[in-house]
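Numbers 20 to 297, taken from our numbering, label the letters of the sequence shown in order.
Among these hints, one or two may not hold up.
Below, in silico cross-link-like pairs of lysine-lysine (DSS-like), each with a Cα-Cα straight-line distance of 30 Å or less [claimed, not checked]: (1) Lys-230 - Lys-254; (2) Lys-141 - Lys-199; (3) Lys-192 - Lys-254; (4) Lys-275 - Lys-71; (5) Lys-199 - Lys-273; (6) Lys-117 - Lys-192; (7) Lys-117 - Lys-141; (8) Lys-117 - Lys-230; (9) Lys-71 - Lys-199; (10) Lys-254 - Lys-71; (11) Lys-71 - Lys-141.
Hints listed in this document are in silico derivations from the structure and should not be mistaken for laboratory results. For clarity, every value in this text was computed on a predicted model and none was experimentally measured.
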Amino acid sequence: MRKKLLLSIVSLAIAGIAPLALPGVAVAAPTAAAPHAAPALAAVLADPRRDKDRARDAFRHPAETLAFARIAPGMTVVDYLPGDGWYTRAVVPFLGEKGRYIALFRAPRPDQVDPVTTFPAKATGWTGAPADRIAAYGTAVIPDAANGTVDRVLLMREMHNMLTYGWLYGDLKAIRALLKPDGLLVIEQHRAPAGASADYTDGSKGYLREKDVVALVEAMGFELVDKSEVNANPKDTANWPDGVWTLPPAYTLKDKDRDRYAAIGESDRMTLLFRKRP
């Protein structure tokens, strides 16, 4: 009964997705597979393998976000810096037998194990998918044969790190090369108020202004085709002295005012869709 309820809730969420009309922007049409994708995605998100991940669904909205990204079974999808695999455990099963998932990583520090060598086995263990459907590349050593083969790229809450550590130019260039012509890049990013200072939005606090993100990405050969408020949180004032990590799930201040931050929830986030342009 619980699984059927979850399937119903997720299916309704997916069915409720509607693109926002952007003045002067031609919105890309959903893929033909999209209507058939909703039940499959609902089943994936209700799978017991995601029981721990599901605790954050109310804040991360995976059904709505993946539908907004126009991801469909059979696609090749890149996940930039997938972390502990929160989206991996949803995307890999959803892509199905004909799909392919590629994790994209930065080069490790000397004291770190290279995730390119360890992540595929982890992802196989999490999802049960065969190894030939999962790959991992470093941003500086992408095989030439992979370029131009990717349908979608997920860049989830990493733009601030790209800006802070100087990865932005090289990694967006690599992402663009991976995408097929007209391939789509979905960006979810902690959002600062439009009037936030340059010092606060330099990446060090986790928050960026939406117009800055759009300008940076468009300058790298993409065009904005859609945006969504699905990951918005009006309770987040996005002006915390210790940055976005003040809020859950990080709680950088530990027990100090924890109930207050728990009531706010996870950060206010922009969700943007870009197309690779000629």
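30 Å Cα cutoff - pair Lys-199, Lys-273: This hinted pair is violated, its Cα atoms lying about 44 Å apart.
Agreement of Lys-117 and Lys-192 with the hint, judged by alpha carbon distance not exceeding 30 Å: holds, 27 Å
Hint consistency between Lys-71 and Lys-199 [alpha-carbon to alpha-carbon, up to 30 Å]: violated, 34 Å
Restraint check for Lys-71 with Lys-141, where alpha carbons must lie at most 30 Å apart: holds, 16 Å
Proposed proximity, Lys-71 with Lys-275 (alpha carbon, max 30 Å): Distance of about 25 Å is within 30 Å: holds.
30 Å Cα cutoff - pair Lys-192, Lys-254: Judged against 30 Å, a Cα distance of about 35 Å means the pair is violated.
Proposed proximity, Lys-230 with Lys-117 (alpha carbon, max 30 Å): With Cα atoms ~37 Å apart, Lys-117 and Lys-230 exceed 30 Å; violated.
Satisfaction of hint between Lys-141 and Lys-117, Cα-Cα up to 30 Å: Answer holds: Lys-117 to Lys-141 is near 20 Å, not above 30 Å.
Hinted pair Lys-254 and Lys-71, Cα distance within 30 Å: holds, 25 Å
Agreement of Lys-141 and Lys-199 with the hint, judged by alpha carbon distance not exceeding 30 Å: holds, 27 Å
Satisfaction of hint between Lys-254 and Lys-230, Cα-Cα up to 30 Å: holds, 21 Å
Of the hints listed earlier, those the structure fails to meet are numbers 3, 5, 8 and 9, in rising order.
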